[in-house]
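Q: Chains X and D supply the protein sequences, listed in that same order.
For what it's worth, the working numbering labels the leading residue of the first sequence as 1, then goes sequentially.
For what it's worth, the working numbering labels the leading residue of the second sequence as 1, then goes sequentially.
It should be emphasised that the hints constitute simulated quantities derived from the structure, not laboratory data.
Be aware that a few hints might be false.
[To be verified] Below, simulated BS3-like cross-link-like pairs (lysine-lysine); rule was C-alpha separation at most 30 Å, straight line:
id	chain 1	residue 1	chain 2	residue 2
1	X	K115	D	K393
2	D	K268	X	K100
3	X	K112	D	K352
4	D	K207	X	K38
5	D	K521	X	K60
6	X	K38	D	K226
7	X	K112	D	K521
None of the values given here were measured: they were computed from a predicted structure.
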Amino acid sequence: MTTLRPFTCDDLFKFNNVNFDPLTETYGLSFYTQYLAKWPEYFQLAESPSEHIMGYIMGKVEGHLDNWHGHVTALTVSPDYRRLGLAALLMNFLEDISEKKRAYFVDLFVRKSNKVAINMYTNLGYIIYRTILEYYSGDQDEDAYDMRKALSRDVNKKSVIPYTQPITMRELRQQMRHDV
Amino acid sequence: MAHQQGMDSALFERRLRPVYDNLEVGNNRKALQESEKLLRKHPNLLCARALKGLSLLRLGRYEESHSCLQVVAEEKPVDDSTLQVLSFCYREMEQLHKIVELYQHAVKQNPGNEELLAHLFVSHVRVEDYKAQQAVALQLYKAQPKNAYYFWSVISVVFQGIRGPESAIPEKRKLYLALAQRMVDKHIKEGKLETEQEAFLYLHILKLQNKYQEAWEFLTGELCAKLYPGAPVSMKFELLKELGNWKELNELLQQLLEADRDRWDYYKEYLTSCFELLKKTSSDEGTENYTLTTCHDFLLHIIQSSERKTRGPYLARLELHQRMRANQLPAQQLVGDFDQLIIEYFLLFGDKSCCTHDIALFLPSISMEQRQALAGRLLVESGISSTTLPQNKEHMQKHICALQISRMCGVHIELSVDHLLALYTALKLHYEHGYSSFGKQLLSTEMGPSDPYALLAANVMYDISMREQKSDQLFEALCLLQYVLRNSTSNFHVKLLSLKIYHMFGCMLGAQEMYDYLDIKQIQLDSMGYVHCNLLPLSGRFSGVRNCYDSTLKFFTNSYKERLEYIALTYRFCTFSKMEEFMNFKERLTNSLLYVACSVEAQLCDLVSCYGNVQQNLTSYVAMTIEPADDRIAWNELSDNRDLEAIIRWDPLHLVDAEAERKESYDQEIEVLQLRSLLLRLFASFIDLYHAPPSAKLALSNAKTITPAPAEDTATLELLRESWTGLHQRLRLMNYKPLSQRFLVNLQPTRLHLLLELPYERFFDDLAQLVLDLYTGASQLALQCKRVSENVACVMEICVQTITESNEWNGVDGLWKRRTHQQKVAACLEILSLYAFLLSVLNDKLQTSTKTKTKKKSSGDNKSQGTPHPISEKERSQMLQELMRQLKHKLEACDAALRIWKAPTLPRDLSSFMADMSLKPEVEATLIGDVSATFKESHELMVTELRNLLKDKIRIVGK
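Chain X extracted, bound-state conformation (with noise of 0.2 Å):
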């Protein structure tokens, strides 16, 4: 039971009982503003009849023409609401937005250990595009996937025909680079 409406400035005075998660990261400000000023619709927040923030999507537009596509950049469920599918709800708004703005796919990238997110985003139609060799700094730098589903204006499924071999980090770049 939720309501879905957009992220908004004062949020972030309130988001602590979801940020407090482990998973979930702290930015600072100019990150979210910058998302917030250039992206509005793609920042959404799921709210609880009590007016509790549930969790959030964070998410862009971006690339070249064929290349142009949603981008989910952060994703979280505050743990009192989890198993409730509310991020199956907040991704399929993540997709209607994109598939309204005409993109051709929708992907994200996720750490290989996150069994659960994974899993998870398979079951939503999702498949592992590639992977992207040390994409998490840390202590132990981690691969991510990059997981991808494609829209309807991607007829042909051209975006999800997975790379067989695994990309670096310059080679990442690169390819945003020209992107852009």
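Got chain X; can you put chain D on it based on the hints?
A: Structure of chain D alone, referenced to chain X:
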């Protein structure tokens, strides 16, 4: 020169590079050298001069920087790099109007230059000059007919109508909004509307003028569908409501709900539309009959036709029940028995942790008796009794939900202490059972499924502690929480409650550990600062808490610097839907009460603990740039950014009024800030009287007044002293009640009562008189000295007595009063430390002036015949020496007391805890050992720090 620059711009860029590079890495001294080197070769290179100004600014050489930048500005530069550097400097110095001037000159010389005009526009945005924004946006559009520029001017017109200085005048507001609409209308007619944000803006303008029909037509029209396919459906709700078109709203929501069966926002609007249709039916005879049966049938239809059970329609049914009762309609007849509906809900969704929040929504609408009866039934329905244990995780969650609800219904609060203890034991056992049965194979990022039992147990133990006014049960709760934390390292609820308890017991080290464990950062420093940072002042540490202030202040100052760039960003991306939101956010963030309070406390803390010689201390004092005459706090704008909901609670709903609690504590925090900022300013005025800050000297020399009349230089001090006593008088009259401490989650008491109880008022009031008398050499000086030393003796007495009392309490209950005792001691030492700093400064000044002035004095003194002679500077100096000698003795007495201050004895023998905990013995031993060690170490750290502080004060007054 522009010519010269144009020709060699690439060359100059290469030459400037080292300056930029050095600035970037913070090597400001080298940057200065490089820029000077460059200027020797090319004295006319403006950008090099501007960079020199920036380097000087970064080095803190403000006056030189200022004149350097002034020279560049007077040249009216037009090249981009120079302008960028200059505006960067002005932004740092908060001289935003100068950026406007800068670009105005540049545009004048290059009319129609798009880039310069865009910079000029943003410079107006920074100072919120909407009228000027509008004009520049139109110039931009003329220079480059881009839609963005056109809409910059439209939004600037809108803001003149709703935010600018004229927005308060209804006619003006109307005119501006009408103009904005015409501008967009024209654009639409010409077929030039291009983006969704432009469409949003048009809708917004129509709504601001209450033109809902037009807005509806546009929203549902072809153009909007094309440009703004993602328009939120809530816009439709809003407009249909405004238009009173309940039927259409009702139908739309039925459609939406068929597709999306779990949307609370839809159900809420749907129910509203149903009740409105009902109202209409009863008032207009002509319309077709509407009854709530239709609504109820629709909800039943959703329930029956859903394959997967979602909470939505069930909650909607409860909401329907609640709203019908509120309207005196026969809810039971139509929807059924309320208790039965709740139980049905519980049976379906009780295994989800959100079920408690859901049911709690409907409890306030029923009587206390009904609540408690219902809670009892839920417990029965959960199928757990004193002889049974949960069979699986889901079963356990249901039990947890029923227990949480019974607490919310006030069942626990009525139990006797024995019953509460039994409840605690049961909760503890359930925790342990749940942990060993269902909580073992968790990821480190998951919370233990039985953790909520322990959280409830901690709350129950707090209830007992409050009733008995003893700490032992709460201490045991702390040990239990620490045990849970070992099993469930990511449970932030446990960390927050432990943090709370550590603070209540004055254990700074434990609190700091929990705070670090929570990994609070960025904006959380503001919204969560109340759990730790705000509790640090006078907690018993001075330098030990500085780190926490620093990281908090760093966040705030960075955000302050960036605050306007966020808004500029919304213009760059033409995000009209977010502009007002960003502007309000900026206000909220920069006026955070915590920001201001933390700055004041950090400054007081620095004055208390400055460790250098007199000259060094004065230098750091000057660097603080406290301006006593100037109250820089925007009291009416202060903002409460605390996220009080982050700490979970299940306290009885009828005894909790979160909003009232928030307001009460906020009001008191503001008063505390009044006291503290006034203390800071008053104290600064003492110092300034003898050691005028360079800025004041500068102002004096600029104004070319010779020396101020004697009355003027003491005016600030006297004014502040009046405010000081006036404020205390008012606060005593206000008679604030200490914040309620009934439940564990209640906010910690503010320092207001402590500050009023201790002799702050008298001490600094008398000190003000002493400072004045010393300054003028008034005849009552000796008397005033006596008063002040009596005050010093009194503060010392309080300090020593408090420590004695604390040691005595150790025999009864070592923790219950610990925090209060520590706060009192810290406050006494704060007072004495400030006094010591002041005496050292006065002594320094009097000694130098007696040396230089003795000759002059002897000739001029004869003039003042008839009036009593001022006491000679030599005598004053001697009196001061005496004060210092006395203070030294008192400080030594405090130190002697500190030396014998005992670490808190924990309320009971550790062995009896172990017997009580009935957890695994080997775990308990290390656990209780760790917690006890934290208390002991925390005390030792505090005593060591306070003794070092005293040692240093003894040193500075002992010279």
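Q: Are the hints correct? Go through all of them and say.
A: Status of each hint after checking the structure:
no. : hint               : verdict
1   : K115(X) to K393(D) : holds, 21 Å
2   : K268(D) to K100(X) : holds, 26 Å
3   : K112(X) to K352(D) : holds, 28 Å
4   : K207(D) to K38(X)  : holds, 24 Å
5   : K521(D) to K60(X)  : holds, 24 Å
6   : K38(X) to K226(D)  : holds, 20 Å
7   : K112(X) to K521(D) : holds, 26 Å
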